[in-house]
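If you want the building blocks of each chain, they are given just below.
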Amino acid sequence: MKLITKLWIGMGILILISPLGLFLPERFKAGDAWGEWGTDGIKELVGYIPQGLDKLSSLWSAPIPDYAFKGWEEKGLGSLSLAYIVSAIIGILVTVGVVLLIGKLLSRKE
Amino acid sequence: MHIPDGYLGPASCGIFYAVMLPVWAAASRIVKRTLKVRQVPVLAIGAAFSFVIMMFNVPIPGGSTGHAVGGVLVAILLGPWAACIAITVALVVQALLFGDGGITAIGANCFNMAFVLPFVGYYIYKAISYNAPLDSGRRVIAAGVAGYIGINIAALLAGIEFGLQPLLHHTASGQALYCPYGLNIAVPAMLGEHLLIFGWVEAIVTALVVKYLQKQSPELLEEREVA
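Line by line, the protein sequences are chains A and B. Going left to right, the first sequence walks through residues 85 to 194 as the working numbering numbers them. Going left to right, the second sequence walks through residues 4 to 230 as the working numbering numbers them.
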């Protein structure tokens, strides 16, 4: 088997087990990454929402916020895991597509 | 380490975009000269790897979470300039599609994770693995050390960027306008958790993949022209 095929199989496995990135923080009661709290979280931490932060934080509304489908926030870990895996697939497809395009523009023949 | 929208003030956001524009331009120019057609699939899989490895949030029990970046690995395989492009693409996709990292902070996040991280990691790997045979254990150690130091320098920079905000932007009454934590809290928090936990994740991931590639395809580890 060619190495690149093996590496893509490895990537497929990583995608399938990516919900570990959801489960483990949940299991060990770990919160948000440092400095990545939402406005509610920051109000809890410092007692107020910084004005500029409040304005800028809603600047961009991502189509799949936090690797979860909109409206699925209250669903269980099973649904969230499915959304996480689908997000990984979409994200990787787009990333690979863009890199291949850039690579086509930038690379040279031997 | 994905700084969201709202944590950095407009000046900081602007400065990091201004710094990254020439870096991206240089990366394109240099990669155009050095990247071979057969390396493009490796670049694509490197970017994909960086994207997915950042989804593996590792918990600090009862505390926060963090993750590896995979950027030092890409730099070892394709050089720091190509790594800069690959990680930039992953970070931009994360920001635009998934709201992971702010769009105003793309410059800063790319500076930390797509520029400083792969460059620091690459040169540490080069220094430690200097003249080592392709199958040498020294290369595996070099990869681990490079991953550990690379991600920690990036975390330190993110901590400084967060921590400068209350100094730069506050109301007359002293309330912060953006990130509310100063250097005395942000730097130890960001650096501490990466020194203790997430740095080791980057080190192990980087070292294991290099070890695997030594067996499977050592020519990927051959020295090559960087610039």
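Hint data in this document are derived by calculation from the structure and do not stem from the laboratory. One or more hints might be untrue.
What the hints assert, rightly or not - Pairs of lysine-lysine residues, derived as PhoX-like cross-links and limited to a Cα-Cα distance of at most 20 Å, are as follows:
no.	chain 1	residue 1	chain 2	residue 2
1	A	LYS90	B	LYS129
2	B	LYS129	A	LYS188
3	B	LYS129	B	LYS214
4	A	LYS188	A	LYS113
5	A	LYS86	B	LYS218
6	B	LYS214	A	LYS86
7	A	LYS188	B	LYS218
8	A	LYS139	A	LYS127
9	A	LYS86	B	LYS39
10	B	LYS214	A	LYS90
Problem set entry | Satisfaction of hint between LYS218 (chain B) and LYS86 (chain A), Cα-Cα up to 20 Å | Cα-Cα ~13 Å, so holds.
For this session: Take the C-alpha atoms of LYS188 (chain A) and LYS113 (chain A), compute the straight-line distance between them, and say whether it is at most 20 Å.
Result: 44 Å, violated
Problem set entry | Hint consistency between LYS129 (chain B) and LYS188 (chain A) [alpha-carbon to alpha-carbon, up to 20 Å] | Violated, at about 28 Å.
Problem set entry | Distance restraint between LYS90 (chain A) and LYS129 (chain B), which requires alpha-carbon spacing of 20 Å or less | It is violated: about 27 Å lies between the C-alpha atoms, which goes past 20 Å.
Exercise. Are the Cα atoms of LYS129 (chain B) and LYS214 (chain B) separated by 20 Å or less?
Worked result: The hint holds at about 16 Å.
Exercise. Under the criterion that the straight-line Cα-Cα distance not exceed 20 Å, is the pair LYS214 (chain B), LYS86 (chain A) satisfied?
Worked result: Judged against 20 Å, a Cα distance of about 18 Å means the pair holds.
Exercise. Taking only the CA atoms, is the gap from LYS86 (chain A) to LYS39 (chain B) under or equal to 20 Å?
Worked result: Given pair LYS86 (chain A), LYS39 (chain B) holds - Cα atoms ~19 Å apart, limit 20 Å.
Exercise. Has the given pair, LYS139 (chain A) with LYS127 (chain A), been kept, meaning a C-alpha gap of at most 20 Å?
Worked result: Given that 20 Å is the threshold and the Cα spacing comes to 14 Å, the pair holds.
Exercise. Is the Cα-Cα distance between LYS188 (chain A) and LYS218 (chain B) 20 Å or less?
Worked result: Not satisfied, since the Cα-Cα distance of roughly 29 Å exceeds 20 Å.
Exercise. Under the criterion that the straight-line Cα-Cα distance not exceed 20 Å, is the pair LYS214 (chain B), LYS90 (chain A) satisfied?
Worked result: With Cα atoms ~15 Å apart, LYS214 (chain B) and LYS90 (chain A) stay inside 20 Å; holds.
In summary, the numbered hints that this structure violates are 1, 2, 4, 7.
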